[in-house]
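The chain contents come next:
2 protein chains.
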Amino acid sequence: MSDLIVWTYDWVPEGPRGHVRDMRLRWACEEAGLAYTVRTVPFKDRGPEHFVHQPFGQVPFLSDGKLKLFESGACLLHLARKSEKLMPRDPAGEAQTLQWLIAALNSIEMVSVPWWFLEVTGAEQNHLTGWLESRLGHVERVLAEKEWLAADRFTAADLLMADVLRIAKIRSFGERPATEAYVKRITDRPAFRKAHADQMAHFANAD
Amino acid sequence: MSDLIVWTYDWVPEGPRGHVRDMRLRWACEEAGLAYTVRTVPFKDRGPEHFVHQPFGQVPFLSDGKLKLFESGACLLHLARKSEKLMPRDPAGEAQTLQWLIAALNSIEMVSVPWWFLEVTGAEQNHLTGWLESRLGHVERVLAEKEWLAADRFTAADLLMADVLRIAKIRSFGERPATEAYVKRITDRPAFRKAHADQMAHFANAD
Numbered sequence: 001m002s003d004l005i006v007w008t009y010d011w012v013p014e015g016p017r018g019h020v021r022d023m024r025l026r027w028a029c030e031e032a033g034l035a036y037t038v039r040t041v042p043f044k045d046r047g048p049e050h051f052v053h054q055p056f057g058q059v060p061f062l063s064d065g066k067l068k069l070f071e072s073g074a075c076l077l078h079l080a081r082k083s084e085k086l087m088p089r090d091p092a093g094e095a096q097t098l099q100w101l102i103a104a105l106n107s108i109e110m111v112s113v114p115w116w117f118l119e120v121t122g123a124e125q126n127h128l129t130g131w132l133e134s135r136l137g138h139v140e141r142v143l144a145e146k147e148w149l150a151a152d153r154f155t156a157a158d159l160l161m162a163d164v165l166r167i168a169k170i171r172s173f174g175e176r177p178a179t180e181a182y183v184k185r186i187t188d189r190p191a192f193r194k195a196h197a198d199q200m201a202h203f204a205n206a207d
Numbered sequence: 001m002s003d004l005i006v007w008t009y010d011w012v013p014e015g016p017r018g019h020v021r022d023m024r025l026r027w028a029c030e031e032a033g034l035a036y037t038v039r040t041v042p043f044k045d046r047g048p049e050h051f052v053h054q055p056f057g058q059v060p061f062l063s064d065g066k067l068k069l070f071e072s073g074a075c076l077l078h079l080a081r082k083s084e085k086l087m088p089r090d091p092a093g094e095a096q097t098l099q100w101l102i103a104a105l106n107s108i109e110m111v112s113v114p115w116w117f118l119e120v121t122g123a124e125q126n127h128l129t130g131w132l133e134s135r136l137g138h139v140e141r142v143l144a145e146k147e148w149l150a151a152d153r154f155t156a157a158d159l160l161m162a163d164v165l166r167i168a169k170i171r172s173f174g175e176r177p178a179t180e181a182y183v184k185r186i187t188d189r190p191a192f193r194k195a196h197a198d199q200m201a202h203f204a205n206a207d
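Protein chains in written order, with full-length UniProt numbering: chain A, 1 to 207; chain B, 1 to 207.
Each hint should be verified, as a subset may be incorrect.
If chains are identical, the list can't say which one is meant, so a pair holds when it fits in one copy or spans any two.
In silico DMTMM-like links for lysine to aspartate or glutamate, alpha-carbon gap of 25 Å or less [what the hints assert, rightly or not]: (1) K66 / E84; (2) K68 / E84; (3) K82 / D3; (4) K68 / D152; (5) K184 / E147.
Calculated from the structure, these hints are not laboratory results.
With these hints in hand, go ahead and build the complete structure from the sequences.
See the structure below:
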């Protein structure tokens, strides 16, 4: 049995299926060939036990033997150090992977998730749209010039940026051909498709 | 001369002084006793050269010999690996530091910075207030139970969380005594006070 345990919810409504953040850890393990098992906590009635492992009452969290971590970005960096497939071992490749992984979390998702939150909670005017368009414009410019964000090859930075961008539903922001092609290329990878199918099946089986 | 160069703006208006994100790197270097120099890029007229180093046109970025990194969170993790004062070397201490450092970026700042953006851009009703209050409530509960976020001692996670919380001006969110005491305690550290004074002087000298 594997020492790596990815924790997610036992069930979620249809809307978030395929987007729950355990995707990032399933996908990373599939890319790296790391054995893992999936275990669950209740989606409804999140109890004190859940908050001990994840103080914001969210998922995923990761067990690695005796180690426990929360925050998908932190778990992803932890997994990336286990496999050169996710992060190069040379200092320059590692630095590039690290900076783009954090950029996905703190320069894109910091705008795209609150933007999405305002969309679904029905603000009459979404005051974050201009800011998000500006950030996506910068990403488009970068992706028009290179195939991968770091080290001239697939890394955990691409995994996270593509996941953030697909959740942001970038298609609603007009013509960004390099970004569209990038997200399509990264999410066509067998490891993404397996992780996605596994998550969909996991929640469907709980209905 | 030091190999570490913290890049920031040559000047900013009075409002952001003391809050520009190069603070995080100055402060980390002061805590760790790492020698560093500060160099600048223009705040006005950000040219192509700036975007080569920071694709979102922001600061800070860090040079470490031949290595270059952007994103304050990535630079901070890079510095943390250089000094046990910023991050313990044992796997559990490192994992705790990593998860709380990412939580500051992706669970708190992902809400607090867009919340602040809506405050200053004059949305009639700030639809992120409830979400931010919820997140700050979770942090308050954690800080009521422990003095430090990770490893029972000061780490880079406290540095970043305290910086995120002080920028979020948590005082406007009512009674959160543990959080208030935490931010006061962390920002009373000599390394914070030196970094803050240095940044204020840096921008004042440019007027």
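Right, here's what the structure says about each hint:
Taking the closest pair of Cα atoms, K66 and E84 come within 25 Å of each other both inside a single copy (23 Å) and across two copies (22 Å). Taking identical chains as interchangeable, the C-alpha atoms of K68 and E84 lie at most 25 Å apart whether they share a chain (22 Å) or sit on different chains (20 Å). In this assembly of identical chains, K82 and D3 lie within 25 Å of each other by CA distance solely inside one copy; the values are 13 Å within and 29 Å between copies. Taking the shortest Cα distances, K68 and D152 sit within 25 Å of each other only across copies (16 Å), while inside one copy they are farther apart (32 Å).
When the C-alpha separation of K184 and E147 is checked against a cutoff of 25 Å, the pair qualifies only within one copy, where the shortest distance is 12 Å, while the shortest distance between copies is 45 Å.
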